[in-house]
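Undergrad: Sequence:
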Amino acid sequence: MKDELRRNMPLFPIGIVTKLTELTPRQIRYYEQQGLISPERTKGNQRLFSFNDVDRLLQIKSYLEKGINIAGIREMLKQQQQVLEAKREAETAKKELSERELRRMLKQQIIHPRRGQIPLNHGELSRFFRH
DNA sequence: CTTCTTACA
DNA sequence: TGTAAGCA
1 MKDELRRNMP LFPIGIVTKL TELTPRQIRY YEQQGLISPE RTKGNQRLFS
51 FNDVDRLLQI KSYLEKGINI AGIREMLKQQ QQVLEAKREA ETAKKELSER
101 ELRRMLKQQI IHPRRGQIPL NHGELSRFFR H
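1 is the number of the first residue of the first sequence in UniProt numbering; add one for each residue after it.
Simulated from the structure, these hints should not be mistaken for laboratory data.
Cβ coordinates follow ideal geometry from the N, Cα and C atoms, glycine included.
Warning: the hint list may mix true and false statements.
Between beta-carbon pairs, the in silico distance windows are [unchecked claim]:
1. Ile68 <-> Lys2: 32 to 40 Å
2. Gln108 <-> Asn69: 56 to 64 Å
3. Lys43 <-> Gly67: 38 to 46 Å
4. Leu97 <-> Gly15: 28 to 36 Å
5. Glu65 <-> Pro13: 22 to 30 Å
6. Pro10 <-> Met105: 40 to 48 Å
7. Leu97 <-> Lys43: 38 to 46 Å
8. Gln33 <-> Met1: 26 to 34 Å
9. Gln82 <-> Tyr30: 35 to 43 Å
10. Thr42 <-> Lys2: 21 to 29 Å
11. Gln33 <-> Lys66: 42 to 50 Å
12. Arg6 <-> Gly72: 26 to 34 Å
Pairs of lysine-lysine, DSSO-like flavour, derived with a Cα cap of 30 Å [unchecked claim]:
13. Lys94 <-> Lys78
14. Lys2 <-> Lys87
15. Lys94 <-> Lys66
16. Lys95 <-> Lys107
17. Lys19 <-> Lys95
18. Lys78 <-> Lys66
19. Lys2 <-> Lys94
20. Lys94 <-> Lys107
21. Lys43 <-> Lys19
22. Lys61 <-> Lys94
23. Lys61 <-> Lys107
24. Lys66 <-> Lys43
25. Lys107 <-> Lys19
26. Lys78 <-> Lys61
27. Lys78 <-> Lys19
28. Lys66 <-> Lys2
29. Lys66 <-> Lys19
30. Lys2 <-> Lys19
31. Lys2 <-> Lys43
32. Lys95 <-> Lys66
With these hints in hand, go ahead and build the complete structure from the sequences.
TA: What follows is the structure in structure tokens.
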């Protein structure tokens with residue numbers, strides 16, 4: 001989950017990206033103008049690309065080689081982004097369910113302590129059920 | 001020297 | 001898309 005931040009860090013100037021992708025600066029700037037990528041800028045207005053930007057450029061390149069036009073690629077990325085969003089939501093829902101399960105089990109343990117188990121005191125209880 | 005924008009072929 | 005000009 002912390003990887004996402006790393007992948008979105010503005011790191012490389014356009015010169016590095018041209019070597020990484022085999023695309024010309026002209027092409028890269030044009031794709032940005034077409035809304036296919038949104039690299040950050042330095043205080044001096046220079047573009048700084050992230051790993052995600054580079055990956056996306058490589059993706060754009062392969063789509064272009066397969067004969068898909070800019071408009072088509074824009075839609076592909078849009079849909080792909082929606083899929084990722086749905087995935088994140090599903091993941092979040094899953095974790096919330098897990099927490100509810102944990103709470104339920106804790107409550108169960110407090111209400112019906114098993115033999116040999118030390119009951120939780122008030123401090124611990126309030127900590128677990130504060131929310 | 002690298003990058004940026006703008007304009008033209 | 002390539003290239004040139006004039007800046008930063």
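Undergrad: Evaluate each hint against the coordinates.
TA: Here's how the hints hold up against the structure:
no.: 1; hint: Ile68 <-> Lys2: 32 to 40 Å; in the structure: holds (33 Å)
no.: 2; hint: Gln108 <-> Asn69: 56 to 64 Å; in the structure: holds (59 Å)
no.: 3; hint: Lys43 <-> Gly67: 38 to 46 Å; in the structure: holds (40 Å)
no.: 4; hint: Leu97 <-> Gly15: 28 to 36 Å; in the structure: violated (47 Å)
no.: 5; hint: Glu65 <-> Pro13: 22 to 30 Å; in the structure: holds (25 Å)
no.: 6; hint: Pro10 <-> Met105: 40 to 48 Å; in the structure: holds (44 Å)
no.: 7; hint: Leu97 <-> Lys43: 38 to 46 Å; in the structure: holds (45 Å)
no.: 8; hint: Gln33 <-> Met1: 26 to 34 Å; in the structure: holds (32 Å)
no.: 9; hint: Gln82 <-> Tyr30: 35 to 43 Å; in the structure: violated (25 Å)
no.: 10; hint: Thr42 <-> Lys2: 21 to 29 Å; in the structure: holds (24 Å)
no.: 11; hint: Gln33 <-> Lys66: 42 to 50 Å; in the structure: violated (22 Å)
no.: 12; hint: Arg6 <-> Gly72: 26 to 34 Å; in the structure: holds (30 Å)
no.: 13; hint: Lys94 <-> Lys78; in the structure: holds (25 Å)
no.: 14; hint: Lys2 <-> Lys87; in the structure: holds (17 Å)
no.: 15; hint: Lys94 <-> Lys66; in the structure: violated (37 Å)
no.: 16; hint: Lys95 <-> Lys107; in the structure: holds (19 Å)
no.: 17; hint: Lys19 <-> Lys95; in the structure: violated (40 Å)
no.: 18; hint: Lys78 <-> Lys66; in the structure: holds (18 Å)
no.: 19; hint: Lys2 <-> Lys94; in the structure: holds (18 Å)
no.: 20; hint: Lys94 <-> Lys107; in the structure: holds (20 Å)
no.: 21; hint: Lys43 <-> Lys19; in the structure: holds (24 Å)
no.: 22; hint: Lys61 <-> Lys94; in the structure: violated (35 Å)
no.: 23; hint: Lys61 <-> Lys107; in the structure: violated (55 Å)
no.: 24; hint: Lys66 <-> Lys43; in the structure: violated (37 Å)
no.: 25; hint: Lys107 <-> Lys19; in the structure: violated (58 Å)
no.: 26; hint: Lys78 <-> Lys61; in the structure: holds (16 Å)
no.: 27; hint: Lys78 <-> Lys19; in the structure: holds (26 Å)
no.: 28; hint: Lys66 <-> Lys2; in the structure: violated (34 Å)
no.: 29; hint: Lys66 <-> Lys19; in the structure: holds (21 Å)
no.: 30; hint: Lys2 <-> Lys19; in the structure: holds (27 Å)
no.: 31; hint: Lys2 <-> Lys43; in the structure: holds (26 Å)
no.: 32; hint: Lys95 <-> Lys66; in the structure: violated (39 Å)
Hint violations for this structure: numbers 4, 9, 11, 15, 17, 22, 23, 24, 25, 28 and 32, all remaining hints satisfied.
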